[in-house]
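Use the sequences and the hints to build the structure in full.
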Amino acid sequence: MKGTMFMTKDFKDSDLYRSPNKYLVCGTSAPQPIIAIRPLAVFIQRLQASPGQLTMIHPLLAKTCLLAQSFKDIVPIISNDISDVNPLHTHINYKDFLLYHYYGGMIYAYLKKFERAVEFFKLAVSAPAEVASAIQIEAFKKYVLTSLLQYGKVPVLPKYTAAAVQKCLKVHCGPYSDFAAAYEKKSNTAIKAELEKAKALFIRDKNFGLAKQCMEALHRRNIQDLTRTYLTLSIADITSLIGLGSEPDGTRRVEGIIVRMIESGDIYATVSHEHAGGMVSFLDDPNHHNNTETMDKINAHIQRATTITANLVAMDQTISSMPGYFNKSAHLPDRAGYPMDEADYSMHIGYETYADDG
Amino acid sequence: MDTSTDNQNLGGNITTDSEMYTDQPAAGTPSSLSSLNMAADGGGPDNNGNSKRKRFVKVVEVDAPNNLDLDAYIANYKGHTKVNRLEFIADRCPALQIDALKLSITELKNTQTLNIPRYANLVKKLNEAVKFGAPGSAGVPSELLNIDKAWADRQFQKAKQQTDLLEGELKNYKRNSIKESIRMGNIELGNHYYACGDLTSAHRAYSRTRDYCTTSKHVVEMCMNIIKVSIELGNFPHVATFVIKAESSPEVAQDKELNKAKLKAASGLAHLDLSKYSVAARDFLSIGEELVGHQFNDVLSANDIAVYGGLCALASFSRAELKRLVLDNVGFRQYLELEPHIRDLIQGFYNSNYAQCLDIMDKWRNDYLLDLHLHSHVEALYTNIRKKALIQFTSPFLTVDLTKMAKSFSTTVPDLEKELVSLIIGGQIEARIDSQQKILWAKQTNKRSAIFDRSTTMGQDYEREAKGLVLRIQMINHGLIVKAPGSAKGGEGDVADAVFEHHHHHPRGGRSGREVPMFTDARANMTNFLSNFSRDRHRG
Numbered sequence: 008m009k010g011t012m013f014m015t016k017d018f019k020d021s022d023l024y025r026s027p028n029k030y031l032v033c034g035t036s037a038p039q040p041i042i043a044i045r046p047l048a049v050f051i052q053r054l055q056a057s058p059g060q061l062t063m064i065h066p067l068l069a070k071t072c073l074l075a076q077s078f079k080d081i082v083p084i085i086s087n088d089i090s091d092v093n094p095l096h097t098h099i100n101y102k103d104f105l106l107y108h109y110y111g112g113m114i115y116a117y118l119k120k121f122e123r124a125v126e127f128f129k130l131a132v133s134a135p136a137e138v139a140s141a142i143q144i145e146a147f148k149k150y151v152l153t154s155l156l157q158y159g160k161v162p163v164l165p166k167y168t169a170a171a172v173q174k175c176l177k178v179h180c181g182p183y184s185d186f187a188a189a190y191e192k193k194s195n196t197a198i199k200a201e202l203e204k205a206k207a208l209f210i211r212d213k214n215f216g217l218a219k220q221c222m223e224a225l226h227r228r229n230i231q232d233l234t235r236t237y238l239t240l241s242i243a244d245i246t247s248l249i250g251l252g253s254e255p256d257g258t259r260r261v262e263g264i265i266v267r268m269i270e271s272g273d274i275y276a277t278v279s280h281e282h283a284g285g286m287v288s289f290l291d292d293p294n295h296h297n298n299t300e301t302m303d304k305i306n307a308h309i310q311r312a313t314t315i316t317a318n319l320v321a322m323d324q325t326i327s328s329m330p331g332y333f334n335k336s337a338h339l340p341d342r343a344g345y346p347m348d349e350a351d352y353s354m355h356i357g358y359e360t361y362a363d364d365g
Numbered sequence: 047m048d049t050s051t052d053n054q055n056l057g058g059n060i061t062t063d064s065e066m067y068t069d070q071p072a073a074g075t076p077s078s079l080s081s082l083n084m085a086a087d088g089g090g091p092d093n094n095g096n097s098k099r100k101r102f103v104k105v106v107e108v109d110a111p112n113n114l115d116l117d118a119y120i121a122n123y124k125g126h127t128k129v130n131r132l133e134f135i136a137d138r139c140p141a142l143q144i145d146a147l148k149l150s151i152t153e154l155k156n157t158q159t160l161n162i163p164r165y166a167n168l169v170k171k172l173n174e175a176v177k178f179g180a181p182g183s184a185g186v187p188s189e190l191l192n193i194d195k196a197w198a199d200r201q202f203q204k205a206k207q208q209t210d211l212l213e214g215e216l217k218n219y220k221r222n223s224i225k226e227s228i229r230m231g232n233i234e235l236g237n238h239y240y241a242c243g244d245l246t247s248a249h250r251a252y253s254r255t256r257d258y259c260t261t262s263k264h265v266v267e268m269c270m271n272i273i274k275v276s277i278e279l280g281n282f283p284h285v286a287t288f289v290i291k292a293e294s295s296p297e298v299a300q301d302k303e304l305n306k307a308k309l310k311a312a313s314g315l316a317h318l319d320l321s322k323y324s325v326a327a328r329d330f331l332s333i334g335e336e337l338v339g340h341q342f343n344d345v346l347s348a349n350d351i352a353v354y355g356g357l358c359a360l361a362s363f364s365r366a367e368l369k370r371l372v373l374d375n376v377g378f379r380q381y382l383e384l385e386p387h388i389r390d391l392i393q394g395f396y397n398s399n400y401a402q403c404l405d406i407m408d409k410w411r412n413d414y415l416l417d418l419h420l421h422s423h424v425e426a427l428y429t430n431i432r433k434k435a436l437i438q439f440t441s442p443f444l445t446v447d448l449t450k451m452a453k454s455f456s457t458t459v460p461d462l463e464k465e466l467v468s469l470i471i472g473g474q475i476e477a478r479i480d481s482q483q484k485i486l487w488a489k490q491t492n493k494r495s496a497i498f499d500r501s502t503t504m505g506q507d508y509e510r511e512a513k514g515l516v517l518r519i520q521m522i523n524h525g526l527i528v529k530a531p532g533s534a535k536g537g538e539g540d541v542a543d544a545v546f547e548h549h550h551h552h553p554r555g556g557r558s559g560r561e562v563p564m565f566t567d568a569r570a571n572m573t574n575f576l577s578n579f580s581r582d583r584h585r586g
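These protein sequence lines are chains A and B, in that order.
Each residue of the first sequence is one higher than the last, beginning at 8 in this note's numbering.
Each residue of the second sequence is one higher than the last, beginning at 47 in this note's numbering.
Calculated from the structure, these hints are not laboratory results.
The beta carbon of each residue, even a glycine, is placed where N, CA and C say it ideally should be.
Computed beta-carbon distance windows for the label pairs:
(1) B/K489 - A/T301: 21 to 29 Å
(2) B/K489 - A/T299: 27 to 35 Å
(3) A/V163 - B/N523: 22 to 30 Å
(4) A/T314 - B/T429: 52 to 60 Å
In structure tokens form, the structure reads like this:
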């Protein structure tokens, strides 16, 4: 019951705050990790200055949740994007950031919310780095597989991804890239061959489950492509078109996949058994975007975009009043023509602000 | 077997040079083209691209041409291309093999060729053809089957003497360093090599004149010579370069219209070879009336211009362009008159009479497969034309009955469906297939919905990217950067690291040398953590 122990303690206790590892160890080493989830979640809420602040408890909670396979309490926490990282306030270091996003991505992958999972893994991989971290490499492997599941292809990493990391990924993630390349071509045989080749590695990396899901998703993706070219198509034709024609139970499986896709709203279609073997009619998206739902969605988007833009403007102002910025920009060649007194003046202001802050 | 004995009996100079006979099969066959090609421009990307494409060209044997009248066809040409084309046909078409070889040997003898190796090679080929009993082999006169030793010997000697003479003269000019004489000497030497069939040497000689060109007329002359040789070598990237060079020099040649037209034709050939059909079509169409009388027939005939230009235009132009650039083109109409079926084909295509078009195309397919320049592009051009016909056919309709459509394209419904599917996936037709009732429905895209979808995804992307950037700036500001273990900050952070290091993804020890320091540090953290852990447990 060590996990609940610190519930009774004062969270603002400076000892706890400075060296929390003693308590953290209590949480993770409990025989039943589920016990630790609640207290850790509460801990985060009390510790955080804002919902977007990353604390050192975040990765721990995420890991505990994974161990306990219980995500009820963490979902509200990880659905807030991290927007505030400040080691001065929360004593975090880069590993906290990487691990939190790595575990977070795994949680979302477990919950089959692959879009979010891709985001989380991407944040981990593209974090600023001088050398590659093993966490980043593992995150990239999962990034490849989850993006295949979500988008059918691997989106290119952001340009600012550290060169050292990219180099390292090329060396260590060859089989993953090969698999992705085969997957993007949508040819069943090539993908299967790559999967067989990389199977041992995937199992070792504990990614084989995701890879198997990719295979299933491929059929769904192929069916989705068919909706663009066909209005009606018999199930037997679909089966042969998506390359399951040679399998004994193909048509039954395909029908199952189609029904599930209709249920989840991935495609709009009806299946009729009037004709022998069954006929699928693909329909258009019934949403005509003329309802309040769309309006609400768009308004919410606009609001979020405005907030971010305001943030950006504020940051821009902060940067433009930094002494370092002035020093740099004053020495730029195209600035050389500016009147001397103006440059002096602004540099002076900059210095003053800085000195006050110190 | 006759030839081999003949070869040995030729005596004197020829026997000593007998290697030449076998080593240099007549220039112009596809295999020798590529090998000569390599020698001509010392590698480079162009060369690679060229040979790569050539590798994929499989030699298609044509049973019999449908409309080809060999005598009439070949009478349009002169010079090397005549023999090249004849030999090409002989290689491809067993039905015409004997005739073509006979014609080519006679041609070589009549023009008093200096290219004796080629002559010997063709005679050998004719002998082989007769031996295998190709059609028409009964009536081959014996004077064609045997090498005319005395004549060959004479020609060979003549060529050799001429080479020595010209080389000597050139050396003399060089000693006196008179620019114009050196240029002329090089050109003469180039012409001579060209006549002997030694294309690489000819190319070298012509290229050397480059430094001695004093007027733009000389430049054009040099370019024309190099273009001529390069076309024969099959080095089309080179042709394109020199066409541009010639076109950019201010022209002062008297027959400047003719030169322009020739350059256009050469550029068209080059683009055709590089599969840039649209550019090739524009080149052929802008030739004008200058070449109607076969003025460029040492390379291609006026009929060829009509065929190449017409097919390329059909394969790459839109309907409006077809009307504006082809049917309303006064200059090109004269060429079309020479090949009425091409005119009918274009007219039919423009008037949406596809069955007729495909019929014409089918009829002439074999002929085009026997064309020296067109053969490897026939398939690509035909598929392009067919695709365009399909797209044009469906464009005005809301629904199309697939059975009727299959009939007008003389194909079956399943095949048509496959073709349509590939076009729909490629985004060339906006339609969907009702495979139950075999009807093609034009797709009615709701633009409003599409815009809504697009804008929401764009908004999401913006949000995500902006957030990512802000976060990144913060991390850099606060020094949250993945660093090599040596430079990592010490203190309490390290202990916390140790905790997090303990999970199933701890790095597997030293997979590559480069990562070893990182991993050893991780392992140190691990042991650190484990000792802490056990100590805590004991205490508890």
